[in-house]
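J.: Take a look at the letters that make up each chain.
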Amino acid sequence: MAKVIGAIVVDTERCKGCEVCVASCPMQVIELSKEVNGKGYHFAYMAQPDACIGCANCAIVCPDGVITVYKVNKRA
Amino acid sequence: MAKVIGAIVVDTERCKGCEVCVASCPMQVIELSKEVNGKGYHFAYMAQPDACIGCANCAIVCPDGVITVYKVNKRA
Amino acid sequence: MKLQEIIKEENLVYKRTPLMTDNVLSYCPGCGHGTAHRIVMEVIEEMGVQDDTIGIAPVGCSVLAYDFMNIDMVQAAHGRAPAVATGIKRTWPDKFVFTYQGDGDLAAIGTAETIHACNRGENITIIFINNGIYGMTGGQMAPTTIEGMKTSTSPYGRDLQLMGNPLKITELVAQLPGTYFVARHSVHNPAAVRKTKRAVQKAFQIQKERKGLAFIEIVSNCNSGWKLPPVKANQWMVENMFPFFPPGDIKVDGELVKKE
Amino acid sequence: MKLQEIIKEENLVYKRTPLMTDNVLSYCPGCGHGTAHRIVMEVIEEMGVQDDTIGIAPVGCSVLAYDFMNIDMVQAAHGRAPAVATGIKRTWPDKFVFTYQGDGDLAAIGTAETIHACNRGENITIIFINNGIYGMTGGQMAPTTIEGMKTSTSPYGRDLQLMGNPLKITELVAQLPGTYFVARHSVHNPAAVRKTKRAVQKAFQIQKERKGLAFIEIVSNCNSGWKLPPVKANQWMVENMFPFFPPGDIKVDGELVKKE
Amino acid sequence: MTEEIIIAGFGGQGVLSMGKILAYSGIMQNQEVSWMPSYGPEMRGGTANVTVIVSDERISSPILNFYDTAIILNQQSMDKFEKTVKPGGLLLYDPNGINRHPERQDIKIYKIEGAKLAAEMGNTKIFNMIVLGAFLKLKPIVKFENVIRGLKESIPERYHKLIPLNEAALKKGMDNPVELKPGKN
Amino acid sequence: MTEEIIIAGFGGQGVLSMGKILAYSGIMQNQEVSWMPSYGPEMRGGTANVTVIVSDERISSPILNFYDTAIILNQQSMDKFEKTVKPGGLLLYDPNGINRHPERQDIKIYKIEGAKLAAEMGNTKIFNMIVLGAFLKLKPIVKFENVIRGLKESIPERYHKLIPLNEAALKKGMDNPVELKPGKN
Amino acid sequence: MGELKLMKGNEAIAEAAIREGVDAYFGYPITPQSEVLEYLMAEQPEKRTGMVVLQAESELAAINMVYGAAAVGKKVLTTSSSPGISLYQEGISYIAGAELPCVIANVVRGGPGLGTIQPSQADYFQTVKGGGHGDYKLFTLAPSSVQEMADFVSLGFEIAFKYRTPVMILSDGMIGQMMEKVELKEQKPRWTDEEIKKMHDKWATIGKTPDRERNIITSLNLDSAIQEKHNHKLQAKFRKMEAEEVRYELFNTDDAEYLMVAYGSSARIAQKSIALARAKGIKVGLLRPITLFPFPEKPLADLTPQLKGILSVELSAGQMIEDVKLAVQCKVRVEHYGRFGGMIHSPEEVLTAFEQTFIGK
Amino acid sequence: MGELKLMKGNEAIAEAAIREGVDAYFGYPITPQSEVLEYLMAEQPEKRTGMVVLQAESELAAINMVYGAAAVGKKVLTTSSSPGISLYQEGISYIAGAELPCVIANVVRGGPGLGTIQPSQADYFQTVKGGGHGDYKLFTLAPSSVQEMADFVSLGFEIAFKYRTPVMILSDGMIGQMMEKVELKEQKPRWTDEEIKKMHDKWATIGKTPDRERNIITSLNLDSAIQEKHNHKLQAKFRKMEAEEVRYELFNTDDAEYLMVAYGSSARIAQKSIALARAKGIKVGLLRPITLFPFPEKPLADLTPQLKGILSVELSAGQMIEDVKLAVQCKVRVEHYGRFGGMIHSPEEVLTAFEQTFIGK
Ligand SMILES: Cc1ncc(C[n+]2csc(CCOP(=O)(O)OP(=O)(O)O)c2C)c(N)n1
Ligand SMILES: Cc1ncc(C[n+]2csc(CCOP(=O)(O)OP(=O)(O)O)c2C)c(N)n1
Ligand code: SF4
Ligand code: SF4
Ligand code: SF4
Ligand code: SF4
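Protein chains in written order, with my numbering: chain A, 1 to 76; chain B, 1 to 76; chain C, 1 to 260; chain D, 1 to 260; chain E, 1 to 185; chain F, 1 to 185; chain G, 1 to 361; chain H, 1 to 361.
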């Protein structure tokens, strides 16, 4: 059995908090932070990091291209 | 038996001798004159006046609108 | 029966409409512009709306249409007649407003104004004379010049690769929701003239009933530009232009006519 | 597994293409322009043609596309990008040339240039962002504003009688012989992004093979202009714009896709 | 009397409408006014500022380099406008989001906790009215009743029900400006 | 030497090309030339005229009010240009289609039956060359050989087979100008 | 007194147009003047007065819609900003040539090209020397307040119909975007069709009735002799405007030793500079041209004897200065000062430039 | 000596363009200059040199195709006539703003509006003062012979690339339609892509290679401070042109007591008038500006001490006269004479006007 484990890195200073990634994540990984970044935006972060499958959906819909996605195929 | 008799009057000074009327007359009534008018055009005239049926084909295709058409319905 | 007996007022069956002025037409012998002018004026006369009609002359051979049509007329900048017509019709909605435009005017420089007036569905009539060439300026290639046709700017024939495709603007505007009646006709023979006249009648009727825009293309000759005598030019037109620009209704009552 | 173990170079599956510069996009949060930019740049990167590509930025929100796309770019006057592209492509036929235009730019002021570049079949790619509004100037009505939609110049909703019909320019250019591939897509969710990317790939491939013009409409949100939060704006778009602007291929390999 | 004011902050802070209400108040008492905003795409998510002049005389330039009063609502504006206050003039600011406090010795400096007070009043939208109140306390260039009349003129009829709330906010602002003594903040 | 000429007639008479050949002939013998046509829609079916100047010096105005020579080929042009011939100058005309003959006493007047002679030679197209020949007989401003060279330059290669015919026409023209004595025509 | 409002210059034009009884507005959005169309659309003038307001597909369409509506005797307005006004040039030349009345406002921004959206006065030459082709002059009003933005709508139409000529309101982003108190006039009723017929049946193409020859609106004369005559007629009109329609304003000129010449937004700034200068004891005054064509040549010439120097203050690299120089005929030194490309000079900058130029510090 | 041909001015431009190695021509037909496009199409330059010739769908398209081809470092030419040139104005302002090289010819006809198709010089203001928006100047060459129509194509491109600026050849229907002897230059090869890369890789958008930053062609600067800087750069260029690129010609000025100033077709006519005047013993000379911007101010000023009067002879209601006046700084009386609206003054008319103005009969 192969379990996929993913992670995203959000460039929080460039994130504009539009929530498009939040709506696009199949695993409900992402939420907007309570804090704001330098421009006053509530930026996206992995609220459920364990759930991320590294599908990159969030990254490809992010208008500002601020998400980088990593994925490992972990063999049991 | 009713015989239609027609006639046309060409405003010869305005006729440009384009021959469009000639080509449109079903009875081959019209020809271009040998003489030219004031502008140097060979104008149209009824070469076969008897043949004219007053159908007005010539007049409605004449680009310069120089033909007037008359028609009598002659009862035998 | 003697000629004098026939040629009498009471026997009159056809005479140039008084809505054509007495000015000698500036067009070349055999040019279809004159016929097209007359048809429009006859329709306006028959509808009795000469006092309520404003025509827009284009830039092109028919720029002087105002010298020949005995109605109030406005001469528009090259290609902008539909915008000018919009300005008039919107502010005097109960007037009849028509544009009279050549192919260079309507389908080259005026493309945007044509498309948008049609798309808005301005309640006007557009009379579009397609002679496949720029007559006024001496016979240059037009958007409607067909493949292989020689003009002064396509002296070896229109090369689609270099010069692009001819444009069927009429089919295009028929696609737009704002056009209510779109048809293509010609004026090269009596039957064609009669059909064209019926189309123009219909077009003005539609304007009267405020149903939207009516667009009549008239395929015509430019014998000077084509360098053919008028009658030959008409033949050439039938043989070469009609296959590409087939006459007939394209859109009737707001519905595209189905091609079988 | 620890995050640090996952976030390693060898596990990288997605990263912004280096063909996007490091400049922060000037677009509003959630605006589709950014995604559309990135798709185009990814395709160019993947084809390895960044050295041979020239982009044309329009007048509109994406006027600053040249600040974000890391390739040589020309900023065109409002609506004239297809003419500018023609000037470039005709003189450097072996370069890849694309325009990136909004709906006001491409379908209002630029209608003539759009129609004629498409009709000539210039061997270029047109990326058309249809957000149904003029974003840059503060949310005025666009030619693609749908019926009833509120904008700053249709504050009570687009009234077709007063303001005319919305224009389906994409369906129109598909009618022209010069277009080889015409499609409509969007970038509001991952599946749409993937489809759009495939279409853009195809478009550039067609340009490479010199087959003619490829035209990709991307229906997108202008959440600022629409006065909706981004995610809601995308929903509104799906519910209200898609019925009028249905996504999908319109013309493939030079043939109109038959609607069943 | 001529009062030249710059109001500067973020786009969403109600900077422009604060200026508009002030200007309308001037009109209500028959004064000349001008209201000149920064405009254009830089407003999108960026800063916004407006120059308001209220005067008994015809106003010449609506654009100025130096002001009698600067009302400053974010750090960027502090950096830009602190130096533009005329000697002896007034700088009023909301300390929320400010990380470098004003340092000039030759002007009067007051702060108003507008954001905080607005939050306390349960409506962040009245933030700008609190700040305006504080300003009017310090420089009563327009009468309170005329501010209310100005308010009525500048907002659409359908929002007139909110006037009492705005009035309360103005009063809250009037009660709360705090003077900063040079060197002590 | 400077010769200022107007050639005027109907559109189809070869007015413009006659002028062009004359101008080219000047170039062949290293002179300065100018050729200025009337242009535009009035040419459509109407009149055509061209001003040709051949000179040893740089030519100033290509448009003139007065000419050394007027070559006139229809009545309208006679009406317009007879009066523009400088005193002592030359008026050459084809009487075909002319119903009012020239009347000036202070100039030389010649006629050339160009149309008639062309018809006799069986080719109406060489009409203009006959007239040109007549002119050159009267004013040999360019050498005959240079006219032939000018002719070659001004018509496309594929028509060069027609040069002998044109040459013959020129010669025919040279043989046939008829002087009109004042008062007798 | 009319109704008092706080309005943007752009809004003032729009509201004034409705109240003037303007029949139609055609325009295309462009910053910094889109509020004109937006305001009109929000006001639903089709309900208030029956005024037609249409967002055109482009500036070319807009100016030609104007041409159409003007041809039928209607009061028609359009507004745009610099790049859009460049696109109007063919149309303006046609309107001038065909002698049609209309009012056009240019809310100028910095150029050339797409430039900036900030205020500028760099379209002076385009406006007063002829941006379009051919010999024509564009009657030009330069408002320097929101009140004048409103007032010049009425004045513009008065002149437009008096001379059958296009009138330009040359404003800029500053006047367009600023709010000031504005006193609005009472609503005038729109002309009825009958009134238009009465007033303009001589020339307007409103339908040829049997009692008159057809009217033709055209700028074409293939016969140059006729076209020259037509041009002489136009020139006579321009000369008449020069004789009768010059408008300007003077400030502090009675004892002035120096003069600033400035219009529109620059005049506002210059006025403040003058106050600053006067405070320093420098005797400087201001002449504010209100009409740019016709330019206030005589008033300017009349002032020269008392002057030691003139500063032409413009938000441009120096355009109006040529007209100032032509007016004063070398009798006094004329210099230019101005920021440009969307930058706005401050009153202090103007004063400094003035002092450096003429006082020498 | 190059090949001698008898050619129309319009044909000479076209042939000279091919021989100059011009890469592209975009244009739209309009009288009296359609022969340019017609000649090019007949010559099949795509075969002769590989030059691209395209009939655009409109003038707007043509000028923007020019903008595109210029942006990629190509030599690109367009021609039109007055109404079409009005439609070019937005594009010209963009080209000037974005600093692109190109050559534009205006074969002027009588205006305003549709006007006539006969020669005119009434587009002087539009050309040299700025028909488009914003602060820019259009380098302008005024050919007065068919030879110069040909020569100024090369000269135009030299200047266009030296300054990265649009260059206008301001001609008219007379120069365009007349035939004269013209000496044609040898065919220059068109620049290869490699040559263009070498010369223009610094700015032209010909593909961003890894060894350089991306190139951007734009005229937009939302930051006014940057836009002002950019404007200063443009102004510096215009000052440099004024310092270094003035071109003019003098006739009979050595002993002249009077001067005519005339360019292009009018200069040809004035020259003849001067011959007529000299024959009468009147000492009059001619200054023919070849560059209209930069205007030959200094040469004109230098001549003034010897002069009693200057007649600005133009086929317009009087436009260049303003530049003449500005140049001579009131040191001598300056008057205007000219027919217009498509009418052409004869040498005799000019002489009569001159005599009436200055000699008094
Ligand atoms: C802005 C502008 N561009 C070009 C022209 C020149 N021009 C006059 S008529 C014409 C084309 C006319 O062709 P078309 O519309 O087909 O009409 P036709 O003469 O064939 O009837 C052109 C290009 C012009 N007058 N104005
Ligand atoms: C000639 C001209 N007209 C108008 C404008 C103003 N303008 C700038 S962007 C724009 C419309 C942009 O809308 P769109 O093309 O839909 O792009 P978006 O901003 O929505 O992406 C307009 C009208 C201009 N810059 N130039
Ligand atoms: S990579 Fe996929 S699973 Fe992970 S956060 Fe992004 S969208 Fe969600
Ligand atoms: S159609 Fe008319 S113009 Fe032509 S020949 Fe016949 S009558 Fe004459
Ligand atoms: S009326 Fe008919 S039959 Fe008579 S001439 Fe005309 S076309 Fe022929
Ligand atoms: S205004 Fe609209 S189109 Fe422009 S950046 Fe914002 S959301 Fe995008």
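Where hints are given, some of them may not hold.
Said to hold, decoys possible - Calculated cross-link-like contacts (lysine-lysine; reagent style BS3-like; alpha-carbon spacing at most 30 Å):
| no. | chain 1 | residue 1 | chain 2 | residue 2 |
| --- | --- | --- | --- | --- |
| 1 | D | LYS8 | A | LYS34 |
| 2 | H | LYS272 | H | LYS237 |
| 3 | E | LYS139 | G | LYS197 |
| 4 | H | LYS162 | H | LYS272 |
| 5 | C | LYS259 | B | LYS39 |
| 6 | D | LYS150 | C | LYS259 |
| 7 | D | LYS208 | H | LYS197 |
| 8 | F | LYS181 | F | LYS108 |
| 9 | F | LYS83 | H | LYS272 |
| 10 | C | LYS208 | G | LYS197 |
| 11 | H | LYS198 | C | LYS227 |
| 12 | E | LYS83 | E | LYS152 |
Unchecked claim - A short, non-exhaustive set of chain D residues, derived as facing chain C with CB atoms under 10 Å:
| no. | residue |
| --- | --- |
| 13 | GLY48 |
| 14 | ILE109 |
| 15 | THR114 |
| 16 | PRO143 |
| 17 | LYS208 |
Just so you know, these hints were derived from the structure itself, not from any lab. No experiment lies behind these values; they were computed from the predicted model shown. Positions of the beta carbon are idealized from the N, C-alpha and C atoms, including for glycine.
J.: Tell me the hint numbers this structure goes against, listed in increasing order.
T.: 2, 3, 4, 5, 6, 11, 12, 13 and 17
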